[in-house]
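Number of protein chains: 2
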Amino acid sequence: MIIAVDAMGGDNAPEAVVKGSLKAVNSFDDITLKLVGKEDLISNYLEDQSYNQERLQVINATEEITMEDSPAKAIRKKKDSSIVVASELVKKGDAEALIAAGSTGAAMSAGVLKVGRLKGIKRPAISTLFPTENKPTLILDAGANANAEPEYLQQFALMGQIYAKKILNRDKPKIGLMNVGEEKGKGSKLTNEAFELIDNDKRIDNFAGNIEGRDIFTGEYDVIVTDGFTGNVILKTTEGLAEFMFSLLKDALTSDLKSKLGAFLVKDNLKKMKNKVDYREYGGAPLLGLNEIVIIGHGSSDATAFFNAIRVARDTIKEQVVAEIASEIARDGEN
Amino acid sequence: MIIAVDAMGGDNAPEAVVKGSLKAVNSFDDITLKLVGKEDLISNYLEDQSYNQERLQVINATEEITMEDSPAKAIRKKKDSSIVVASELVKKGDAEALIAAGSTGAAMSAGVLKVGRLKGIKRPAISTLFPTENKPTLILDAGANANAEPEYLQQFALMGQIYAKKILNRDKPKIGLMNVGEEKGKGSKLTNEAFELIDNDKRIDNFAGNIEGRDIFTGEYDVIVTDGFTGNVILKTTEGLAEFMFSLLKDALTSDLKSKLGAFLVKDNLKKMKNKVDYREYGGAPLLGLNEIVIIGHGSSDATAFFNAIRVARDTIKEQVVAEIASEIARDGEN
Chain A
1 MIIAVDAMGG DNAPEAVVKG SLKAVNSFDD ITLKLVGKED LISNYLEDQS YNQERLQVIN
61 ATEEITMEDS PAKAIRKKKD SSIVVASELV KKGDAEALIA AGSTGAAMSA GVLKVGRLKG
121 IKRPAISTLF PTENKPTLIL DAGANANAEP EYLQQFALMG QIYAKKILNR DKPKIGLMNV
181 GEEKGKGSKL TNEAFELIDN DKRIDNFAGN IEGRDIFTGE YDVIVTDGFT GNVILKTTEG
241 LAEFMFSLLK DALTSDLKSK LGAFLVKDNL KKMKNKVDYR EYGGAPLLGL NEIVIIGHGS
301 SDATAFFNAI RVARDTIKEQ VVAEIASEIA RDGEN
Chain B
1 MIIAVDAMGG DNAPEAVVKG SLKAVNSFDD ITLKLVGKED LISNYLEDQS YNQERLQVIN
61 ATEEITMEDS PAKAIRKKKD SSIVVASELV KKGDAEALIA AGSTGAAMSA GVLKVGRLKG
121 IKRPAISTLF PTENKPTLIL DAGANANAEP EYLQQFALMG QIYAKKILNR DKPKIGLMNV
181 GEEKGKGSKL TNEAFELIDN DKRIDNFAGN IEGRDIFTGE YDVIVTDGFT GNVILKTTEG
241 LAEFMFSLLK DALTSDLKSK LGAFLVKDNL KKMKNKVDYR EYGGAPLLGL NEIVIIGHGS
301 SDATAFFNAI RVARDTIKEQ VVAEIASEIA RDGEN
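From first to last, the protein sequence lines stand for chains A and B. Mapping of the first sequence onto full-length UniProt numbering: residues 1 to 335, in sequence order. Mapping of the second sequence onto full-length UniProt numbering: residues 1 to 335, in sequence order.
Isolated chain A (complex conformation):
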């Protein structure tokens, strides 16, 4: 299994990418990683490290796509950027998955323009895991498309079901449709039409109907389907609120001597709590619906996050997620 990694993407690149990759290549003996980026910078972090050089290769790419670039334009013009070179590897069949943690827009453009949409898929979807009381919930689309049609949501439900089965090991994934009320007929024109399509789709096993924002964190649903605008707002609102609450908590635990003493006593458990809502454990968000898997990492990914992204990429290749999506999309949902 060959995985291409954009070694220049993310706030902590290339150091975090290299460290995560070294750990991955030493943990899994069935993968080969191709780290794409500025060879001299990458090599710095490989010196004196022990690893199998055949299974961790560096491929030079000299250009960089920054947050200021227009993603689609940059993908077309900066032909020697790390993400373009990495996605060309996937396009040519020299790698079976791509991991990129720089600009989400650039990763998406590279996915659509280079790796390409699967036949029959109308739009790909960013599929993000959210922590809950027990097992994580997959929400898609978390922002690949700001304008959605009901048919996109139907396909998201199908792709989410496959991913939840194969990668999250959910037996009969329970699927909810994000809405503003639980009763059938509630909500927007988009959700009403999507409800009918999903409900009547014979390929979808366990559609539980409309759900609300507060159902995300209960762990009751394996997959939550929504349009990319709403999904992106959910993702960023969640990040913002979690950050806000941890900052309030920090204030509460440091504002006087008594609290500081208390904080010392609870700090181990608080750390465990923080880990429970830590995005890094999930290893990035797969962009589902393409000819190969593209995993979009969080901009602030550290070595652990990259390691986990590689682990997830390995799982998706092994479990043939793309082939399964292709075959289910080709099947008629009405029979």
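Treat the hints with care, as some may be off.
To be verified - Below are the SDA-like pairs computed for lysine to any residue, each with C-alpha atoms no more than 25 Å apart in a straight line:
| hint | chain 1 | residue 1 | chain 2 | residue 2 |
| --- | --- | --- | --- | --- |
| 1 | A | Lys274 | B | Thr218 |
| 2 | A | Lys271 | B | Asp302 |
| 3 | B | Lys92 | B | Asp30 |
| 4 | B | Lys274 | A | Gly219 |
| 5 | B | Lys272 | B | Asp302 |
| 6 | A | Lys186 | B | Gly299 |
| 7 | A | Lys184 | B | Lys77 |
| 8 | A | Lys271 | B | Asp268 |
| 9 | B | Lys276 | B | Ser259 |
| 10 | A | Lys271 | B | Lys92 |
| 11 | A | Lys274 | B | Lys276 |
| 12 | B | Lys274 | A | Asn134 |
| 13 | B | Lys258 | A | Leu249 |
| 14 | A | Lys271 | B | Phe264 |
| 15 | A | Lys172 | A | Glu324 |
| 16 | A | Lys165 | A | Asn210 |
Claimed, not checked - A short list of chain A residues far from chain B (calculated; beta carbon distances all over 12 Å):
| hint | residue |
| --- | --- |
| 17 | Met1 |
| 18 | Asn44 |
| 19 | Asp94 |
| 20 | Glu151 |
| 21 | Asp332 |
Said to hold, decoys possible - Label-pair ranges, simulated between beta-carbon atoms:
| hint | chain 1 | residue 1 | chain 2 | residue 2 | range |
| --- | --- | --- | --- | --- | --- |
| 22 | B | Leu41 | A | Glu196 | 18 to 26 Å |
| 23 | A | Lys119 | B | Thr304 | 54 to 62 Å |
| 24 | A | Lys271 | B | Asp80 | 55 to 63 Å |
| 25 | B | Glu281 | A | Asn206 | 39 to 47 Å |
| 26 | B | Lys172 | A | Lys189 | 30 to 38 Å |
| 27 | A | Glu182 | B | Glu182 | 52 to 60 Å |
| 28 | B | Arg76 | A | Asn169 | 47 to 55 Å |
| 29 | B | Phe246 | A | Glu319 | 31 to 39 Å |
| 30 | B | Asn147 | A | Asp30 | 46 to 54 Å |
Because the hints were derived from the structure by calculation, they are not lab data. Note that the coordinates shown come from a computational prediction; the quantities given were computed from them, not determined experimentally. No residue lacks a Cβ here, since even glycine has one placed at the ideal position from N, Cα and C.
Use these hints to put chain B onto chain A, whose structure you have.
What follows is chain B alone, placed relative to chain A:
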């Protein structure tokens, strides 16, 4: 100033309504409250209480609208329900504001069908305050309309500006448009068109452009404009995540003896933290764009929440928020 209160609405009615009303009528000598609902039940909680009986009146209404009723239908059929009788008071001019904490759908229907939309307003908006690092942020629409047009969002910006100035005492309210990226041109067709309308509207003083979900809790924006579908998802996602995190925190602080001891030391500060994100302080969400103010209370409102809702209703009457909205809507935004 006369305020009609649906005394039967909410999980803790009528006790919490009566207690909050008693406190309000004893705190503000310029208001008269009309508590509408089952007279015998309400009177139970008024016995032995000292208050000015002219300024706290009970108006009998025998029917109840439950969560099972279809809101619009119930408002038309259940003519002797507390919310219908209360909204008729406002319609006839016997009250200048309505407070209702039962079904949000019923409160909205009563608002639109009985109190009526202001001339020129395309759709009313539920306007909800969110806690932030410093001062609260007003988000509208939080769920009055699941389908939106760009012109609605333009009017929401204008109404939000007026409310933030008059009730939240913000000097030159900074307005953000909820979107999936900050650059102009990002997002959906709806947000792109709304951006142009708001940006070109001469009545709007301080439009700061597109914002993202994570900007809600920074306190940088006074008003955040969004469609009712997205706003409702934000509201419920926020409630769900806050609940989830407090439950994780509770687990962290009670899982062993050391933590329990630590929890004892930090509990005062944690309580202050919880109060910071407590919706009850804000006293409900005004439905802006009607002929009078309708304030929708949270279903689990307690006496404090009702007191604050009455306080806010009093402020909106005093500051002539409705008249100001009417006059700004009548003014041409192009000049």
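Which constraints among the numbered hints does this structure fail? Numbers only, ascending. 2, 10, 22, 27
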